[in-house]
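**Q** Read off the chains here:
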Amino acid sequence: MSARFKLGDRVRVRVGSLPGHFRTPSYIQGKTGTVVAVHGEFRNPESLAYGGDGLPKKFLYLVCFAQSHVWGQYCAPSKDTLFMDLYEHWLEPGQEAGETHARS
Amino acid sequence: MHDHDHTHDAHASIMEENASSNFAKRALAIQSLLIEKGVVTADEVRRAIEVMDSRTPALGAKVVARAWVDPAFKARLLTDAKAACAELGIDTGTLATLVAIENTATVHNVVVCTLCSCYPRAILGLPPDWYKSLNYRSRVVKDPRSILKEFGLELEQDIEIRVYDSTADMRYLVIPVRPPGAEGMSEVALASLVTRDSMIGVTKAQTPGKQRVPSAAEERPG
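Line order of the protein sequences matches chains A and B. The first sequence begins at 1 in my numbering and counts up one residue at a time. The second sequence begins at 1001 in my numbering and counts up one residue at a time.
FYI, nobody ran anything at the bench for these hints, they're computed from the structure. Some hints could be false.
List time: in silico PhoX-like cross-link candidates among lysine-lysine, alpha-carbon distance up to 20 Å [as the list claims (entries may be wrong)]:
| id | chain 1 | residue 1 | chain 2 | residue 2 |
| --- | --- | --- | --- | --- |
| 1 | B | K1037 | B | K1025 |
| 2 | B | K1149 | B | K1132 |
| 3 | A | K79 | B | K1025 |
| 4 | A | K57 | A | K6 |
| 5 | B | K1204 | B | K1025 |
| 6 | A | K79 | B | K1142 |
Computed Cβ-Cβ distance ranges for the label pairs, DEER-style [as the list claims (entries may be wrong)]:
| id | chain 1 | residue 1 | chain 2 | residue 2 | range |
| --- | --- | --- | --- | --- | --- |
| 7 | A | Q95 | B | D1053 | 36 to 42 Å |
| 8 | A | P93 | B | A1042 | 50 to 56 Å |
| 9 | A | S2 | B | P1071 | 21 to 27 Å |
If the Cβ cut is set under 7 Å, some of the chain A residues that face chain B in the computed set are [claimed, not checked]:
| id | residue |
| --- | --- |
| 10 | F5 |
| 11 | K6 |
| 12 | P25 |
| 13 | K79 |
| 14 | D80 |
| 15 | L82 |
| 16 | F83 |
| 17 | M84 |
| 18 | D85 |
Glycine is no exception: its CB is placed at the ideal position from the N, C-alpha and C atoms.
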């Protein structure tokens, strides 16, 4: 398997909820950020949480978000950022048009 | 792969629970069943706790102090933190992946786990209670400047604050900025400036001459 996204790619976090364990906080769902690291492949926690083998492994990315984009009312300087590790199946190609605030 | 031995729901109320909580009772019940069925022995449980308790922020401080005095080591630490720790004889085997992130004159990093309490325990020991509290976890992601101010840290507006929400397999260690006045200090003396909280990112490293006296526990050799 090769990674779907590469450094610098804009990605949007999928919106959704699973009946069980998942590691994509709701506050970041629907937000668009930039891939700043490709960590490699890791076992899927959504399977591991229930005694599964976590396979197939999922690519894991470090994604950087502008705080002013994540929070509509973020009151501090616009250069502040949020970094989060996200699994590939929670990401889709980013759409600049969906952003209300551009990164400074 | 995660160092989780708990459900996430358990953490939401962790500040309010006491030793006789339902969670504690459940853990004890599971432990006694596992021992009874021969899956683990009581000695193995005791040993695991002993190893966990032997981990302290002194380990992380040793790593940071080396990074301050040795640029080549710092470069290796930023590339592969587990291997760099191993160079200093620090076993991070229980950690999935350790990532070091460097504070600079223009960037300040702070770490949180909004989902639960992910923390680089192998080099910092157990996380402080506030790190697991709903208050810290929910507020630091959306208003880091306000919560850092409560910790006594006011950062200039032109410094970029990067909040790391450790949601997966990475455990983040902040390398604080080497404080002014620490130029000629030995590596051991430098390590005494590196506190637990500075490696989480809610404060800076201590300024020479102003550091508190380390407790006996922190002076335990790693």
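**Q** All the hints need checking, so say for each whether the structure fits it.
**A** Hints, one by one, checked against the model:
In summary, the hint linking K1037/B to K1025/B is supported, as the alpha carbons are separated by about 18 Å, within the 20 Å threshold. Between K1149/B and K1132/B, the direct Cα distance comes to roughly 19 Å. Compliance with the 20 Å bound is thereby established for this hinted pair. Among the hinted pairs, K79/A with K1025/B is inconsistent with the structure: their alpha-carbon atoms are about 47 Å apart, more than 20 Å. A threshold of 20 Å between alpha carbons decides the hint, and for K57/A with K6/A the separation of about 17 Å falls inside it, so the pair holds.
For a cut-off of 20 Å, the pair hint linking K1204/B to K1025/B is broken: about 39 Å separates their Cα positions. The straight-line distance between the Cα atoms of K79/A and K1142/B is roughly 13 Å, inside the 20 Å bound, and the hint therefore holds. The given range of 36 to 42 Å is broken by Q95/A and D1053/B, whose C-beta atoms sit roughly 49 Å from each other. Checked against the given bound of 50 to 56 Å, the beta carbons of P93/A and A1042/B, roughly 53 Å apart, stay inside it.
Checked against the hint of 21 to 27 Å, the pair S2/A and P1071/B fails, with Cβ atoms roughly 34 Å apart. About 15 Å separates the beta-carbon of F5/A from the nearest beta-carbon of chain B, more than 7 Å, and the hint is not met. The criterion of a C-beta within 7 Å of any C-beta in chain B is not met by K6/A, whose closest approach is roughly 19 Å, and the hint is violated. Annotation: P25/A was flagged as interfacial toward chain B, and the flag holds, the nearest CB pair being 5 Å apart, inside 7 Å.
Given hint, K79/A at the interface with chain B, holds; its Cβ is 5 Å from that chain's nearest Cβ, closer than 7 Å. The beta carbon of D80/A comes within 5 Å of a beta carbon in chain B, closer than 7 Å, and the hint placing it at the interface holds. Checking L82/A against chain B by beta carbon gives a least distance of about 5 Å; that is within 7 Å, so the hint holds. Given hint, F83/A at the interface with chain B, holds; its Cβ is 5 Å from that chain's nearest Cβ, closer than 7 Å.
The closest approach between the C-beta of M84/A and any C-beta of chain B is roughly 5 Å, which is under the 7 Å cut-off, so the hint is satisfied. Interface restraint check: D85/A against chain B, minimum CB-CB distance 4 Å, threshold 7 Å, status holds.
Hint compliance for this structure: hints 3, 5, 7, 9, 10, 11 are broken, all remaining hints hold.
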